[in-house]
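J.: Residues per chain are reported as follows:
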Amino acid sequence: MSRIRFENVYKSFSDVKALSDVTFEVSEGSSTGILGPNGSGKTTLMKILTGLLRPDSGRVSVNDISVLINPKEAMKHVGSLIEQPEFYTYLSGYETLEFACRIRDLGKEETKNEITRVSKLTGCFDYLQRRTGGYSRGMKQRLGLSIALAGDPEILVLDEPTFGLDPKGMKELGDLILDMRKTKTILFSTHLLNEARSLCDRIIIMENGHMKYDSKDDPSAKILRIKIFGRINNIPELSSFGSYSLTEDSILINKKEEIDNYEIIDMLVSNGIKIDMVEDFDTLSAKYLAVVEKGS
Amino acid sequence: MASGSISVVFTHYLKNYYRSKSFYLMLFLDLLILGLFTYFSFKYQNKLPAIFSALNGTGSGAIVSASLVRSGFNYIWSFVLQLLPVFAAVFFGSPALSSEIESRTAFNVFPLPVSRFVLHLGKFFAALTVTAVILGIFALGQFVNFLLVYHLFESSTFYISILLSIVLAFSILSITFLVSSIFNKNLYAYITVFLLYFLIFNAINIVFEFLYGYTPIFLLSNAASIVYRVYINFDPFSFTPGAGSISPAPVSSIILDASIMFLYALVTLALSLIIFDRREVK
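Sequences listed follow chains A and B, in order.
Residue numbers for the first sequence follow the working numbering, so the first one is 1 and each next one is one higher.
Residue numbers for the second sequence follow the working numbering, so the first one is 1001 and each next one is one higher.
If you're looking for bench data, these hints aren't it; they were derived computationally from the structure.
Every residue, glycine too, gets a C-beta built ideally from N, C-alpha and C.
Take these hints with a grain of salt, some might be off.
Now the in silico label distances, taken between C-beta atoms and shown as ranges [unchecked claim]: (1) A/Val269 with B/Tyr1024: 34 to 44 Å; (2) B/Val1267 with A/Gln84: 54 to 64 Å; (3) B/Asp1277 with A/Asp21: 50 to 60 Å.
Partial selection, computed: residues in chain A whose CB lies under 10 Å from chain B [what the hints assert, rightly or not]: (4) Ile69; (5) Tyr88; (6) Gly144; (7) Asp166; (8) Pro167; (9) Lys168; (10) Glu172; (11) Gly242; (12) Leu246.
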């Protein structure tokens, strides 16, 4: 089932075409990264999906509910973090989260439990009682992510979620997103190649408002390279994950559509294989640069 | 449920309003004016008859009725009561919607599953509530001063005047929300509302009065004067010769001016709801 659907979406600001004929679907349980340089249309796409902007033409839907016709109903399924969030400065983080929970029809007791759950997940629990006016950029980002997670929506729309976080925070957030991939549909934008590569099972590259590359249509994008420590000759049977071959120090596996990287890694680790590195075999950075340079 | 959502939105914004610097600044001004009026009420209470006999054209030595003096007392206090909603509404209403864009709070509030209609109305009623609190404090001051000076409880006219000041707050807040829904910057919204109310409305008033000898009753600033004209039907800003009297404004006048204020409120509120609903956050 497609959770998110963009159909022939166009958007322009005065003379600038922000989006041109953008069409793609995000299927249930997938993690899709929108990659592109500044001004490529990533945030515009996110804003249209969350009802902050209206497209000039085209259709946008969430769980087959039109975002344009019935935004309130559509947004019940979506938690979002758009740009760098700001909050009402006289309210505490707790009150800000409480508002998001109550809007999602949670009762008082449920709200209390949900605030504790999401704030512990994102690491903002300790400063929830402070007014948001005194929050640092990283604290705001964590609170923004808590709002996105409040009420446990099945779809997450995250616009550069690691912006403003220190390396530790980036790592924690990356782990959180990896964990959420198991249960949620995630669409997130970034201009960091490594972030997209490690967190997404599908990557769309945008440039000047056009979709320039979709890893879904690129067979080479599914080849995973797993570099291991030690001898390569005691590798267990991996054909249930897809066809594979062995090199001197690595396994190259052309994994099946429904297989997630961590399933393969879990299997190898449980068989006592020590993994040095996991990466997409194709060089996404080369593709990204090719797309961007071609565009410019 | 919409009403449930409105109460959640209302409570949220009310907390933000009463903790804001704007609220405490307005409260300070409110208490300052209240203090000054209390001082002058006691200091000049014996001079009021002379002042009103002069205004009545009977000379400073003439005797005026006690009820006119009491009306005069309330007239002066209510003059401020008519200005307070304007300042409070500008403080609380002008940045209400534009700040969502300028302060970027819209990015986390608008994508929540709540309609813009509910967000707007929740915030509007929160602003109206804090405005009413400011008015209420001043009105309470007026009530207590009247009681202490004349040893009498206020008559029904006092309550009508309070009610009309709330209607005026409703009306001017609707206008400020409309202006705020158009702009991205709070400052533009503040300036526009001040210019509209104190300059443009007055300019239109002057043009009509001098050129056509007619008081444009359709202007909000003129309709607002009913807050003090319920005591003495005299508008100090009217240039029309012979206009006004020392009698209270007739019921028909009260109904007409209240209707004008309501009309401004409903039209501008509807417009701001439409604009806010279609508002893009770039």
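J.: If a hint holds in the structure, say so; if it does not, say that too.
T.: Tested hints:
The hint said 34 to 44 Å for the Cβ distance between A/Val269 and B/Tyr1024, and at roughly 60 Å that hint is violated. For B/Val1267 and A/Gln84, the Cβ-Cβ distance of about 37 Å falls outside the hinted range of 54 to 64 Å, so the restraint is violated. The beta-carbon spacing between B/Asp1277 and A/Asp21, approximately 27 Å, falls outside the hinted interval of 50 to 60 Å. For A/Ile69, the suggested interface contact is broken, since its CB lies about 13 Å from the closest CB of chain B, more than 10 Å.
The closest approach between the C-beta of A/Tyr88 and any C-beta of chain B is roughly 5 Å, which is under the 10 Å cut-off, so the hint is satisfied. The interface hint given for A/Gly144 holds, since its Cβ lies 6 Å from the closest Cβ of chain B, which is under the 10 Å cut-off. Among the interface hints, the one on A/Asp166 is violated; its C-beta lies about 21 Å from the nearest C-beta in chain B, farther than the 10 Å criterion. Given hint, A/Pro167 at the interface with chain B, is violated; its Cβ is 25 Å from that chain's nearest Cβ, farther than 10 Å.
Because the smallest distance between the Cβ of A/Lys168 and any Cβ of chain B comes to about 24 Å, over 10 Å, the interface hint for this residue is violated. Interface restraint check for A/Glu172: the shortest CB-CB distance to chain B comes to about 20 Å, outside 10 Å, so the restraint is violated. Taking 10 Å as the C-beta cut-off, the interface hint given for A/Gly242 is violated, the closest approach to chain B being about 37 Å. For A/Leu246, the shortest C-beta to C-beta distance to chain B is roughly 47 Å, which exceeds 10 Å, and the interface hint is violated.
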